[in-house]
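Kindly produce the complete structure, drawing on both the sequences and the hints.
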Amino acid sequence: MSFNKSHMRNFFYLFLIILIVSCSNSQSKTLKKRNVCKSNLREIKAMINCIEYDSLLVRYYKEKDKNPLGTILKIDSLINAYRIEKESPNFIWDCNFESEFYYLKAEILYKLGLYENSLQSLKMSKYRCCKNALAMACNFTKLSMHDSAKAYIDSIGFGYYIYDYALGNYYETIKNKSKALEIYNSIKNDKCCKHYVYYNLAISRIEELEKNNPKLLDEIYFETGNPNFEVCDSDDENRDKVFELLSQIEEVKNDPECNGKWIYEGPYENGKNYYWAKVGKGMVGVNFKTKYDFIIYKETFDIMYYDTIKNDFISLEEWRKHGIK
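Going letter by letter, the sequence shown gives residues 119 to 443 in this note's numbering.
Heads up, none of these hints are tricks.
BS3-like, lysine-lysine: derived pairs with alpha carbons at most 25 Å apart:
id: 1; residue 1: K306; residue 2: K416
id: 2; residue 1: K306; residue 2: K293
id: 3; residue 1: K293; residue 2: K329
id: 4; residue 1: K306; residue 2: K268
id: 5; residue 1: K407; residue 2: K309
id: 6; residue 1: K399; residue 2: K309
id: 7; residue 1: K229; residue 2: K333
id: 8; residue 1: K249; residue 2: K229
id: 9; residue 1: K306; residue 2: K329
id: 10; residue 1: K295; residue 2: K268
id: 11; residue 1: K359; residue 2: K407
id: 12; residue 1: K312; residue 2: K329
id: 13; residue 1: K379; residue 2: K439
id: 14; residue 1: K379; residue 2: K407
id: 15; residue 1: K333; residue 2: K268
id: 16; residue 1: K306; residue 2: K390
id: 17; residue 1: K379; residue 2: K399
id: 18; residue 1: K268; residue 2: K229
id: 19; residue 1: K359; residue 2: K399
id: 20; residue 1: K416; residue 2: K309
id: 21; residue 1: K268; residue 2: K297
id: 22; residue 1: K333; residue 2: K293
id: 23; residue 1: K390; residue 2: K409
id: 24; residue 1: K409; residue 2: K379
id: 25; residue 1: K312; residue 2: K416
id: 26; residue 1: K409; residue 2: K309
Keep in mind the hints are simulated off the structure, nothing from the lab.
In C-alpha cells:
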C-alpha cells in the first residue's frame, strides 16, 4: 500500500496532535512529563521576573530547523504553562508572549507544507499585525486561494516596510510578470529602500524576470519572527538611535501631535552625513502631517532643527529661543 503526499501529511499531523495532547495533559502519569511542565513553569516565572523572553524565542528558532516537531511540542507545552501561570492572582506581566510563539509555530508548519494548520496557528494569536497578515497571505497563496492572499496583502497597507516586495511576489504567483517587474523596479529606483534586506531580493527578481524564460515565484516572502533577524543593514542601529533621540526631545515628548516619527532621508538616500527626520501625526504615506523637521548627524548624533522654508539648520537652543515653527 502506498501513501501520496496528502496522506503522509495527514498522518504526520495526526501523529503531531496525539503527541501534543499527551504532552500537555496536566494529569500525565509519567514523572518525565511532569518535569517538562514544571520546567516550562519555571521558565515562565523567570520571564515574569523581568527576564526577556526574546532569548527563549531565539533558542527555539535555532532548534526548529534540526527538530521542527520537537520545537512545536515545546511551544505548545510552554503556552499551556504560560496560561496556567496567568491564572495566578499575582500575575501582573503582560506582553505579546503567546502571539510570538504562535507565529513561530505557524512559521514551522508553513515550512513543513502544512498550510491550513499554519493558518490556524496564526488565528490563535489575539495580536493582529502586518507580519501576521503577510503570513496569512503566504499560506493562502500555497493553497491557491489568490484572492484571499491579495486581500491580506492589501490589509498590510503602503506604510509597512516590505509591502511593495510582497505585492511584487503576489503578482509573480498569478503569472503577471509585467506588473511584478514594475513593482520591483520601483523598489530599485527608491533610494529609501536601499537599507532594507529585501532591496537586493528585488534586484535579484528583476534579473530573473528579464531572462527569456524566467522562473516565476510560486510563493510570497514569509517574514521570520526571529528577534535576531535584522530587516535593515548596519544602518539599522543608527536609525534606532535616531528614533530614541527624537523621543527624548521635550517638545516632541509632551506633544500629542507628535506621536509619529519617520526618517525621510538618510545617508543612503541623500549621500550626506545626516538623517532628515520628520515628526508629526498620522500614518506615513497616507495622512501624515509633519509638525517638526530635524537633522541628526550620523557620526555625532547631534540634533538640529531644520527650517524647511529657509532651508537652514538651526540649533535646538536657537530654535527654542526664537520659537521658530
